[in-house]
Amino acid sequence: MAQVKEYIGKIKPDWCPGCGDFGVLNSLQRALAELEIPPHQVQVVSGIGCSSNLPGFLNAYGFHGLHGRSLPVATGAKLGNHALTVIATGGDGDGYGIGVGHFVHTCRRNVDMTYIVMDNQIYGLTTGQASPTTEKDIRTKSTPEGTIELALNPVALALTCGATYVARGFSGENLHLAQLMKGAIEHKGFALVDVFSPCVTYNKHNTYPWFRERVYKLEDERHDTSDFRLGLEKAFEWGARIPIGVFYKVERPTYEDEEPALRSGTPLVKQPLHRNDLAAIMEDFI
Amino acid sequence: MTDYVFRVGGEGGEGVISTGELLTLTLARAGFEIYTFRTYPAEIKGGHANYQVRASNALLLSQGAAVDVLVAFNEEAYQKHAQDVRSGGALVYDADSFTPPANGAVIHYGIPMTSLATEKVGVKLTKNIVALGVLSRLFDISFEVFEDLLKERFARKGEAIVQKNLLALRVGADYAVQQPKRDDIRLGRGSRKTKELVLSGNESLGLGAIAAGCRIYAGYPITPATDIMEFLAKELPKIGGYVVQTEDEISAVGVVLGASYAGKKAMTATSGPGYSLMTEMIGLAVVAELPAVIVDVQRVGPSTGMPTKTEQGDLYLAVYGGHGNCPRIVMALTSVEDCFYGIMRAFNLAEQFQMPVIVLSDQYLGHRKATVPVPDPSTVPLVERRKPTTEELRGYQRYRFTPDHISPMSAPGMEGGGYVAEGLEHTEIGYPAASDHENHLRLTQKRYGKFHAVESIANELVRFYGEAHPEIGVIGWGSTEGVIREAVQMAQDQGYSVGALHTKILYPQPLAKLTEFINGTKAVIIPEVNFTGQFATLLRKRFAYDFIQLNKCVGLPFTPKEIFDKIEEAANHVHSRRRDLAPKL
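Order-wise, the sequence lines are chains E and H. Going left to right, the first sequence walks through residues 1 to 286 as our numbering numbers them. Going left to right, the second sequence walks through residues 1 to 585 as our numbering numbers them.
Note that these hints are calculated values from the structure, not bench results. The model shown is predicted, which means the values in this text are computed figures rather than measured ones. There could be a bad hint or two in this list.
List of simulated lysine to aspartate or glutamate pairs, EDC-like, C-alpha gap at most 16 Å [to be verified]: (1) 151(H) - 284(E); (2) 10(E) - 428(H); (3) 238(H) - 277(E); (4) 238(H) - 283(E); (5) 204(E) - 135(E); (6) 238(H) - 284(E); (7) 234(H) - 259(E); (8) 195(H) - 284(E); (9) 234(H) - 277(E); (10) 238(H) - 259(E); (11) 234(H) - 284(E); (12) 188(E) - 251(E); (13) 270(E) - 384(H); (14) 234(H) - 283(E); (15) 195(H) - 283(E); (16) 522(H) - 568(H).
Bound-form chain E, shown alone (with noise of 0.2 Å):
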């Protein structure tokens, strides 16, 4: 195995102390370290807000780009050199709200990629207001009489829309969700790891003790996990208790392999440009 210190980023993580995000953060060290993947060989993209400051954490290639969008740019880089592990990283507000766009056509074109969220219910960066994931009736900032809106399923989206691996994992669970992130890399397509990500400092609610009363983990009652509608079901179970694990997983051909171009297993930036085929193309045009 290597070692975990090989992919600690030269920038010391900037989120308040006790965030979930540096359970994140160590356990997807520990998982990159565990399946021996170089460093120069990831390429970890995010969008914005806290735990969208990853990358810089991370020693790896990385992108910090937009808010709501890392899944493009995660898509054009695998796409561009398929043979790199390409990890999206981000939090609820950036992927389920401003992202989610992308996030449901993502999951269904299935580009070979891991999706991580860290999942805090709420708008951290900005100081506390009520995110997509934010449960209803919930006070925020900007929800002073409780959130109106039902609080989105991001499990049950990735599912319905197509991802091959969906799993949720919990901050407060390190070598659990290091599990999870090592089965999400090695898997073959789009996997999201939801990860419940508290924010201790405007989430009140969803604590880490609110969590650990709650959380079970799925392995532990054999859950099937090539099962589609039982995945589903469970994707719907909130509230004494709520399971972590992986919910569904199954092998669909990927972008990639569907793709002509891309099908020799040589990365595009590898493959010669065959300029003088050019010809050949302007012979349709005489």
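Dock chain H against the given chain E, drawing on the hints supplied.
Then chain H, alone, in the frame of chain E:
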């Protein structure tokens, strides 16, 4: 000299465009230079569509003015276009559809196209092919070339369909034989013996992108840019590339930036509404210093505007769109041939300067077809981004300050080259530096610093027509090049002292060449297909000069005459004297 304008008009979705395209290809293969103009409704079925083909033995610079032959499939087409037919020209119409009033100046050929197609061919839809058969016989356009083209075009649909179409062509020709020939329009064979390509502006652009080494295209369908995606979806796989159809334009440009970061040239094309969505990503490409090529095939705005009509209205957006101090290169394509070489240069500029290059085309240019000499990509040597040396990968600094402000750019997979491409302001190393005031200034200076070198290139990419030091100058950009050239020629023929400067790079501007050109003129006209004179406004910021604007804002391109009239008006206004012309022998 042979120089004829054909115009085909009728109901949208009933084959007007395909009739025009078949006529275009036939005339091109018969050895003529071609210049088409297409306007069609935004609806798929219904509404009025027309397609104009100009064929000549000389180089063509515009769509032409008066119509020699009007083909009207219905009365609406007749009513819309009859006044454009020159005296002595011909009207070929579907006599089953309507009867035009007698007109002594225009020769009428009433052909029962619908009933010929229904009764003699047995397929009503072939009435367009019947019409082509009529044209072939009436105006001496090579029947054999038509036949070969139909065989090719319909081969995939099976022999029965091919035979039906060939029959329709013969039925039309045979019927035309019975018509007494009363006009003097005859094409025969054109004088060009070499093979040329027949390309639309959008196709030429797609071909140029492939020649430039673009192997990923990401896009979202939008008129009038969609056919770039369709062209590349068909052609890129032949050369090891592919098209990604994304969920929206933001995603399209996101994929381009991701692929570019990974080390691969990529492109997207859109039109105004899509480009509006892309602006935040363009800002990201600027601050992260990523090469990217973004094409805007302009249509009439604002908002959804007039999707199938032409305008040069997105220049402000291309130059200034997005927040912050945001340098990018803006280019404009000028002709179908220039679409090929221009897009190659766009990739070169993007790679060399590691910044987004916005390429402006428009519906008029993107959708018109022209004959172009077989392009030679070797005339534009490919430029690749500066990569870090082994030495530079030790203690790698992605945004290292250099004399030319261009830093070596690593790509994932290079050991030691890891960095974070940042939307946040960052340091030389690439670390976020959102609170370092002095650093922001240094990095902004670095990004703008590249403009000196771009401006030198802009000065090289200026074209001149007419007199080099004229009294009346015309400054143009984009698809108006040919029309301006023709207008300048007309004015010179009338003895005016006139010349035109046409620039391919609009931002930063070729100031040296512009200054040189403007000095010594008595008046400078800036024709633009927009309402406010967007390029004129940009130039007024750089020159204390009272430019004369000529603006057209009806969704249609200029005609040479409109620009000529303005030249004449300006010349009279500033008392620019006409030279005595030597009498023509």
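For the pair we were handed, residue 195(H) and residue 284(E), check the Cα-Cα distance against 16 Å.
12 Å, holds
Does residue 568(H) sit within 16 Å of residue 522(H), going by the straight-line distance between their CA atoms?
It holds: about 13 Å lies between the C-alpha atoms, which stays within 16 Å.
Are residue 238(H) and residue 259(E) close enough, with their CA atoms no more than 16 Å apart?
13 Å, holds
With a cut-off of 16 Å on the C-alpha distance, tell me whether residue 270(E) and residue 384(H) pass.
14 Å, holds
Given the hinted pair residue 234(H) and residue 259(E), is their alpha-carbon gap at most 16 Å?
Measuring from Cα to Cα gives roughly 13 Å; hence the hint holds.
Distance restraint between residue 234(H) and residue 284(E), which requires alpha-carbon spacing of 16 Å or less:
11 Å, holds
16 Å limit on alpha-carbon distance, applied to hinted pair residue 204(E) and residue 135(E):
Since the Cα atoms of residue 204(E) and residue 135(E) sit roughly 12 Å apart, the hinted pair holds (cutoff 16 Å).
With the threshold set at 16 Å, check whether the alpha-carbon distance from residue 234(H) to residue 277(E) stays at or below it.
Distance of about 14 Å is within 16 Å: holds.
Holds or violated: residue 151(H) with residue 284(E), Cα cutoff 16 Å?
Roughly 15 Å separates the two Cα atoms, so the pair holds.
Given hint residue 283(E) paired with residue 195(H) - CA-CA distance at most 16 Å
OK: residue 195(H) and residue 283(E) at ~10 Å, within 16 Å.
Hinted pair, alpha-carbon criterion (16 Å max): residue 234(H), residue 283(E). Please report holds or violated.
Between residue 234(H) and residue 283(E) the Cα gap is close to 14 Å, so the pair holds against 16 Å.
Does the structure keep residue 188(E) and residue 251(E) at a Cα separation of 16 Å or less?
7 Å, holds
In the structure shown, no violation is registered for any of the earlier numbered hints.
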